[in-house]
Amino acid sequence: MTEFEPTIIGFTCNWCTYAGADLAGTSKIQYPTNIRIIRVMCTGRIEPEFILDALRLGADGILIGGCHPGDCHYQEGNYKTELRVRLVKSLLTSLGIEPERVRLEWISASEGQKFAETVQSFVDEIRELGPNPLKKNSELK
Amino acid sequence: MQKGEKLNDSQEIRIGVFICHCGTNIANTIDVKKVAEYASKLPEVTFASDERYVCSEPGQALIRDSIKKHNLNKVVIASCSPRMHEPTFRKTLEAAGLNSSLLEMVNIREQCSWVHMHEPKKATEKAKALVASAIAKAGLLEPLYPLKFKVTPSTLVVGAGIAGIQASLDLANKGFKVYLVERAPSIGGHMAQLDKTFPTLDCSACILTPKMVDVPRHPNINLLSYSEVKSVDGFIGNFKVVITKKARYINEVKCTSCGVCAEKCPVKNIPSEFNLGLGKRAATYVPFPQAVPPTYTIDKENCLWFTKGVCRVCEKVCPANAVDFSQEEQEIQVDVGTIIIATGYDLFDVKQKPEYGYEMYKDVISSLEFERLLSAAGPTGGKLVRPSNGIEPRKIAFIQCVGSRDVQTNPYCSRICCMASIKHAHQVKEKHPDAEVSVFYIDLRAFGKGYEEFYARVQQEGVNFVRGKAAEVYKEPNSDNLTLVFEDTLLGEVQEQEFDMVVLAAGLVPRTTAEPIQKMLKLSLSPDNFFLEAHPKLRPVETQIAGVYLCGCAQGPKDIPDVVAQASAAASQASIPLAKGEVVAEPTIAYVDQDLCCGCKVCESVCVYDAIEVEATDENGKAKVNEALCTCCGSCVAACPARAITLRGFTSEQISAQFEALLKPAQQRD
Amino acid sequence: MNAQELIQKHKLLECIHCGICTGSCPVSRNAGLNIRKYMREVVAHGDVTVHSQNELWSCTTCATCGIRCPKEIIPYEFLIDIRSLAVEKGQVAATIRDALESTFKNGNPWERIRSKRSEWTQGLEIKHISQGAEMLYFVGCTPAYDPRAQKIARSLAECLGKANVDFGILGVEENCCGSEIYGMGEKGLFEFLVEENMKIFRKHHIERIVTGCPHAFHTFKNRYDQTDFEVQHHTQLLSKVIEEGKLTFSKELKKQVIYHDPCFLGKQNGVYDEPRKAIESIPGVKLLEFDRTRERSLCCEGGGGRMWIDITGPRLAENRVRNATKYGAEILVTACPFCLSTFEDAVKTTGLEGKIQIMDLAELLSLAL
Ligand SMILES: Cc1cc2nc3c(=O)[nH]c(=O)nc-3n(C[C@H](O)[C@H](O)[C@H](O)COP(=O)(O)OP(=O)(O)OC[C@H]3O[C@@H](n4cnc5c(N)ncnc54)[C@H](O)[C@@H]3O)c2cc1C
Ligand code: FES
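Residue numbers (the working numbering), protein chains in the order written: chain F, 1 to 141; chain G, 1 to 670; chain H, 1 to 369.
Be careful, since some hints might not be right.
Stated by the list, open to error - In silico SDA-like links for lysine to any residue, alpha-carbon gap of 25 Å or less:
id, chain 1, residue 1, chain 2, residue 2
1, G, LYS522, F, PRO69
2, G, LYS351, G, ASP434
3, F, LYS135, G, LYS664
Unchecked claim - In silico negatives: residues of chain G with every beta carbon more than 12 Å from chain H:
id, residue
4, GLY23
5, GLU94
6, ASN99
7, ASN251
8, ILE270
9, PRO294
10, LEU347
11, LEU384
12, ARG405
13, ALA446
14, ALA471
15, PHE486
16, CYS598
Derived from the structure by calculation, the hints contain no laboratory data. From a predicted model like this one, the values you see are computed outputs, not experimental measurements. Cβ atoms here follow ideal geometry from the backbone N, Cα and C, with glycine treated the same way.
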């Protein structure tokens, strides 16, 4: 069997983390290919349903990246996200899904290095955890 | 077609997909042909192709032609980050008669080929997934129409150093109203403290004062000195600013600047801020003789009336009756279309480098203090003497990079200190040709026009340039002189030499007073803590906040020529919306499905912009979006329990389609 | 360790050759040690250049180079690695070799037998830690064996007793802390000592240590990578018990006292104020300051293995005692057995006997009890 390659969905805000990911690119900092980013204007846009649905559809991990506290382009979007993510995590725990599959990080537009390091460590962590238990057995191969 | 209207349901969806090579930037890692071929087989895709540079004219022509030829009604472009070229491609769509919102971009350069350079196979797979995801979203795109708002034709400029002054004068000369806010009693900033300016050695006051005087005289400039910005609301074109004007206790209109109040003021020993503590001032003062406005100010902290409830001598002696102890702080509200930040720099606090003994020895001074010692209007009347004993120095050392290029303090180069010390060395030689001058440097950076030539001239004047960062300054017992320890790195020799004065060429750091305005406007900072520009090369004076611009040392250390050029650039940028008279806002805003809304008001409570409101007409009130205020953050959408709110351009269906496509098992993607 | 590994480990490619390390080096002028050039040679030649013993062993590991480096390179750690290479190859002075051997055999670098380690306690009543105590007094090799430095240990024991501090010692179980062994580059032996000492500390469930030696203090605090116990230097503990009123003075001491900041206590651990507070609390004492004080304190040349190798040239300790008299001091106080020893020697070589006294802080305090 080949090594388990997790599929990770990233939701990043346009202003900080998406720009941070771009900076990792312009600086040619290498990180694993497992992450696929969906851009929203602010993490405040992220509906808890997106996270749950993505997990239901087989995502092995969800990385949410927003501006540092106090830096949200829309003032408080990231605070709302923090609350929502906390809610989702407790829900996951009660459903028997590892809450570590959802990670929230504050990564600014100047933190390309941090973005790459975060992806690397998250991929490592999810590899440890193994595939999403909701994924159908047939798809695991 | 009307706002929010959907594509005709019966209309067939025809998507065109364009994959960019970006020369070799993408194509060297990602197999673009394979990606294009894969895309061509996906449902709803009518046409897919790859192109060396999609952003080039031939690339754009291909898009335009394909739209027409294949009757495309949605476009997906996989190339660099949308933060680079999205606006370019939106225009391309418009040129081909397609609504510009029917474009979806895929970032396969910054977020794929450049970060997976050693994994071409996996990168290609990732690119395919990302393209499929964009196609899924594209299918659900709807045409959107930009919103237009009127612009208040005026600008707020924060900080009146040379940067703020230049920007204000430029804007005012273009015919726009300017509110120039300066927190100090006088405008001028650091340039007013300098004696002469490199490399041409113009007298700083001589070139600055005329500009300073022009400011309050200009009919289009409203100078608010001794004032601070209290709050900013709104958005580009329509900022509402509240400014606090501090009480001077002297009436600006009545004061004739005769100076009798200061002469008679009994408190005379206050260290002068302008002279960096090297001179004294009274509790009633103007910071320096050429101050603008020339109005005197009573310093509440030290005035005997405020501290002890006695005196009021100034009130009695003022021939113009200008002293007014009942004055109070005033709040002024102004409407502006754009904002320029010009808050400048602070000098690095040299106390953080105890090895140089700044706190122990009077004859160890900072470079800015040295400027005051050289200045004819300074505390010594321009006589260069040792602060400890008032005697002419015979041997002076300049220590470069104090606090700069140092990961413990400021990792960056402060850019002006090399030239400032070369200038200072020259000025010492000019005043005392026999004095010995040494400059201790790591690298001498004489990068500007005429700078290397100036350096060469000063070398010829006999200044001793030593390559080595000075390590320590100490005093032998019972000696008046300072011993400097250093390695001459070109000789590899460690030496000790005595000097009678040591000048620390301290670096520049961001103003601490800039923090409130940074927080108010949510401006980003670069890693050096100066304000971050929108793009380091192509948008050097804009910020990420539309309508807010930067100039001068607020954006990073720089010399006066660069400050002035940048200030004019900022003024020019800030005048664009004013000249246009209207701004076009992103159409990606929220709208409420009135049938689903239950009037629960959750959206109201999450919106920090007050952009969504439930109309309280009857109990069946429904939420309504104020389009001018909505900023597209999407907080209300995520919060709405009835899922009644949609964010145009980022609808729940679109985002769900994106991750659903991404999560399709890989084998189904081939 | 080869050149490539040295370059990586010490970030040598980030060096901008400003020279502040060499300029700050207290021994560079006397011994000709140019640490910046050493580092450059490794980068430029891809090889480690062999320099004279006099240069290589002159470094006192005072750490000033590392503290001031604008790129956070730590040149003295690099130099210690070079020493390690010399030690591995056996290219060291006989005196260094003997000190290392003795540490391995006897648990001290002074070539003294283990059974004599608690000789200094004669006539004093001091508990062994196994009898139960709140705090371990870690004596250290020099105060345990050196007749002059033994007075530090005796005075400190007296002060602690007077202040009712509940302490005990390890007696003959005590080993070298390893500070100087590390500085000499014998990292294998250092690791061995760490293991041995941790075993003993754990055996006696030690949670708090006070030591009269800044070298042991620094090593336990920063090089042991442990969280079992808390360590204090005696200047910190003494100033605390004085402040709390537990240690009081019955005599007046009408003396002009000058304090020398030991590098391992001041520069390396930021302990500047406590010893000064303790000195100033003695009735009658007037505290003077060197010009080169606190962060700019001039090294006495006692650290980095320098107690075991003779480097030719004038002594910084001589400069120190001479200046102390010029400032009018009658007593030069320090808080380190190595400083004490270098200063005592310097008093003799400068002919200042009778003009100035050298004392540890604990000795000074005990004079006024
Ligand atoms: C020792 C020395 C010598 C120099 N010599 C030369 C030279 O010879 N030639 C040369 O080209 N350059 C020289 N420079 C550089 C020069 O000083 C700067 O380039 C220039 O002064 C920067 O102008 P500025 O307007 O950006 O900033 P500043 O001069 O710092 O002005 C900023 C202004 O904003 C105000 N402000 C700050 N915060 C707020 C707030 N929150 N609200 C309202 N107002 C605020 C401040 O009070 C100040 O008036 C020298 C610098 C030094 C340190
Ligand atoms: S904009 Fe980045 S989290 Fe809100």
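Hint check results:
At roughly 11 Å between alpha-carbon atoms, LYS522 of chain G and PRO69 of chain F fall within 25 Å of each other, so this suggested pair holds. Between LYS351 of chain G and ASP434 of chain G the CA atoms are separated by roughly 31 Å; this puts the pair beyond 25 Å, and the hint is violated. Proximity of LYS135 of chain F to LYS664 of chain G is assessed by CA-CA distance (about 11 Å); at most 25 Å being required, the pair is judged to hold. Consistency note on GLY23 of chain G: stated as away from chain H, and its beta-carbon is indeed over 12 Å from all of that chain's, at 31 Å minimum.
Every C-beta of chain H lies more than 12 Å from that of GLU94 of chain G, the closest at about 50 Å, which supports listing it as non-interface. A cut-off of 12 Å between C-beta atoms confirms that ASN99 of chain G is not in contact with chain H; the least separation is 52 Å. Its beta-carbon lying about 50 Å from the closest one in chain H, ASN251 of chain G satisfies the requirement of being farther than 12 Å from that chain. At roughly 30 Å, the least C-beta separation between ILE270 of chain G and chain H is larger than 12 Å, which holds for a residue marked as non-interface.
Against the 12 Å criterion, PRO294 of chain G stays outside the reach of chain H, whose nearest CB is about 44 Å from its own CB. At the 12 Å boundary, the C-beta of LEU347 of chain G stays outside the reach of chain H, the nearest C-beta of that chain being 18 Å off. For LEU384 of chain G, the condition that its CB be more than 12 Å from all CB atoms of chain H holds, with the nearest at approximately 25 Å. The claim that ARG405 of chain G lies off the interface is violated: its Cβ sits roughly 6 Å from the closest Cβ of chain H, which falls inside the 12 Å cut-off.
A cut-off of 12 Å between C-beta atoms confirms that ALA446 of chain G is not in contact with chain H; the least separation is 18 Å. With a cut of 12 Å on Cβ distances, ALA471 of chain G falls inside the contact zone with chain H, its closest approach being about 3 Å. The Cβ of PHE486 of chain G sits about 5 Å from the closest Cβ of chain H, inside the 12 Å cut-off, so the non-interface label is violated. Non-interface call for CYS598 of chain G relative to chain H: holds, since the shortest CB-CB distance, roughly 56 Å, exceeds 12 Å.
The earlier numbered hints that this structure contradicts are 2, 12, 14, 15.
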